Amino acid sequence: MINISKIGAAAIAFSIAFGASFQASSDANINKLLSTIKLPPGFKISLFAKVPRARSMAIGTPLGTVFVGSRHGTIHMLRDRDKDGVAEEIVLKTDKLKVPNGVAYNGMSLYIVEQNQITFWAGPSEFDTARPLVPLIPIVKNLPNKFLHGWRYAAFGPDKKLYVAVGSPCNVCQVSGHEGKIIRMDGNGKNIETVASGVRNSVGFDWHPKTKELFFTDNGSDGMGDDIPADELNHVTKMGQFFGFPFYGGGKTRTPQTKDKQAPKNSVSPVIEFQAHSANLGIHFYSGNMFPSEYKNDAFVAQHGSWNRSSPVGYQLMRVRFNNKGKAVGKEVFASGWLKGNSAWGRPVDIKMIADGSLLVSDDFVGAIYRISYQR
Amino acid sequence: MVVNKGGGAICRFLIISIIVMSGWFMAPKASAEPDSFNGQLWFERCKVCHALTPGKNEKGPSLHGLFGRKSGTSPGYDYSLAMKKTAIVWTERTLDNFLATPKIVVPGLKMEFSGIPRPSDRRDLITFLKKTLASK
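For the record, the sequence lines run as chains A and W.
Following our numbering, the numbering of the first sequence begins with 21 at its first residue and continues without gaps.
Following our numbering, the numbering of the second sequence begins with 8 at its first residue and continues without gaps.
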């Protein structure tokens, strides 16, 4: 029963289907994939915004503007004015910065941490999404300017200081200056202090809502096989503690490169060990009222997923449980499904709660920000 | 335009539906343009064992002059027998094939690396490597 109209209709449908697959990151396509994510009962994940290469986030107040950094030069500004869980305004502010992975908000201004420098956007940053991202005032101009692990994480602490994680520019090596540290400083870039050293590469930290103590993730070294060394969650209990790198590659595993040296006796071990190579990045303590009360003061951790393991791991969100003394006591998977068999379609990076108590999760592979909400 | 009613319309509807639905559930694709950040990131990982300077062999052979060169011929490097016997001429295509599953392409290979599964990652790395080698 071949006739012209049937061939014509099939040709049209065929090109629609191929069109759909070429712009395969359509909203509907992403939501369809999100429906395969496994979450505990009552939780839902949906698409908040499509943002290419989305990485770290900072949430503005009082308007709830979402600032999004990336490793590809861009800063985006998102606004969900009608609070329907979808950002209707997605504004690209710049694509010219140098690995602007660190974004932080201090109650008025957006701070940006690039590979080599820290700047802030003078003026009330939430005021108008159409305002150009100028002037960007540098406050620190001489961060270690090396490519590897040059993607910084930043946030303002309960003490109103700016905290910045600066990675080690290698797999395993001796570091110098601010390399391999979490540092903090005043909002004008002065009084830089070491919060933690011996950090291989941290791309996520947050403070326990009650104890106000700092917890940070750290990515373990490569080259020792599939299952060692562990990725870490660390607890800073005193300013300037040493967390083991480069003597330890992660957990209690010594690096072969330093085997002839004695490790410093004051090396602090992690409080939680994660699967090696799962790439634990953003951590965020839950302080809202949308999720069941058992989640309050627990933390979520984004696992970006492995790049060099013989079979991939990670590509999920973990929940870390804390006791009422603010100590980490256990971990479990919270959201999974970005890894299907041996192939992953998405890579979680950072997590931030917004005003209604839902969680935003960035994904730099899909190029999206997801929203996890709860309804009984 | 001739339209067959009844069975013809159902048949056409089914054909169209199948074609449209087959494109529906597809994983997000990487961009069409090579990503130089991603290429550099992957290249940094190769640098753990490979240098680009001529004659500088470390855990792995120098990659100087890689493109167009026959496999196993970086001067002064102690290759595995497998790599010495393999006669691959390194091009973008053969590198792409090799880097996907190195130990399957060259069984008995010394290189301790399980491979780069994602085609866009391989494309980004090979593009970056070619550009970097050309500029030396």
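Check the hints yourself; a few may be wrong.
Facing chain W, from chain A, some residues (calculated, C-beta under 8 Å) [said to hold, decoys possible]:
| hint | residue |
| --- | --- |
| 1 | T114 |
| 2 | K118 |
| 3 | N165 |
| 4 | F167 |
| 5 | Q194 |
| 6 | V195 |
| 7 | N328 |
Calculated directly from the structure, the hints in this document are not laboratory data.
These numbers come from a predicted model, not from an experiment.
Just so you know, even glycine gets a beta-carbon here, dropped at the ideal spot from N, CA and C.
These are the hints, each one checked on the structure:
1. T114: violated, 16 Å
2. K118: Given a least distance of 10 Å, the restraint on A:K118 is violated.
3. N165: Result: violated, 14 Å to nearest chain W Cβ.
4. F167: holds, 6 Å
5. Q194: With Cβ-Cβ at 16 Å, over 8 Å, it is violated.
6. V195: violated, 16 Å
7. N328: holds, 7 Å
The earlier numbered hints that this structure contradicts are 1, 2, 3, 5 and 6.
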